[in-house]
Amino acid sequence: MNPNAIVMTPEQFADLKESLIRELEPKIKSQVKGESRKQSASVSLSIWPPIRDEALHRLRHLVTYNRYQVVNALSTIVRNSLGVSNVQGLTTDQAQAAREIVDAVVSTMLKYSKLKAGEQGEHTN
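Residues in the sequence shown are numbered consecutively from 1, following the working numbering.
Quick list of in silico lysine to any residue cross-link-like pairs, SDA-like style, CA-CA up to 20 Å:
{"hint": "1", "residue 1": "Lys111", "residue 2": "Ile101"}
{"hint": "2", "residue 1": "Lys114", "residue 2": "Tyr68"}
{"hint": "3", "residue 1": "Lys27", "residue 2": "Leu16"}
{"hint": "4", "residue 1": "Lys111", "residue 2": "Ile77"}
{"hint": "5", "residue 1": "Lys33", "residue 2": "Thr91"}
{"hint": "6", "residue 1": "Lys111", "residue 2": "Leu62"}
{"hint": "7", "residue 1": "Lys17", "residue 2": "Lys29"}
Derived by calculation from the structure, the hints in this document are not laboratory data.
Required output: the full structure, derived from the provided sequences and hints.
Encoded structure:
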């Protein structure tokens with residue numbers, strides 16, 4: 001036997017093991033939560049851009065500044081409707097609702113748009 005070896009009874013070993021678990025468990029849980037937040041954040045970052053881009057495509061007849069203003073308004077409507085502080089924080093569960101909200105607003109805008117059929121170019125409303 002190694003002269004530097006520590007000899008423990010099974011009870012002492014069980015106590016040491018429990019002590020280590022109690023000490024390390026909060027740290028491990030914290031790391032796991034941090035990793036899941038990072039993963040969840042990277043997933044949610046991809047939810048808003050396609051919704052926004054579809055709205056911009058449908059509103060391409062507006063001048064750039066007006067499209068910018070509409071996207072800001074859509075973002076505000078979605079955030080307030082779904083109770084999130086930032087559209088980048090949308091979850092996958094909220095994605096469909098966000099799409100429906102944006103679609104309803106853009107569809108209503110297009111319904112009342114003054115752009116005449118066959119008219120080309122941008123206008124300012």
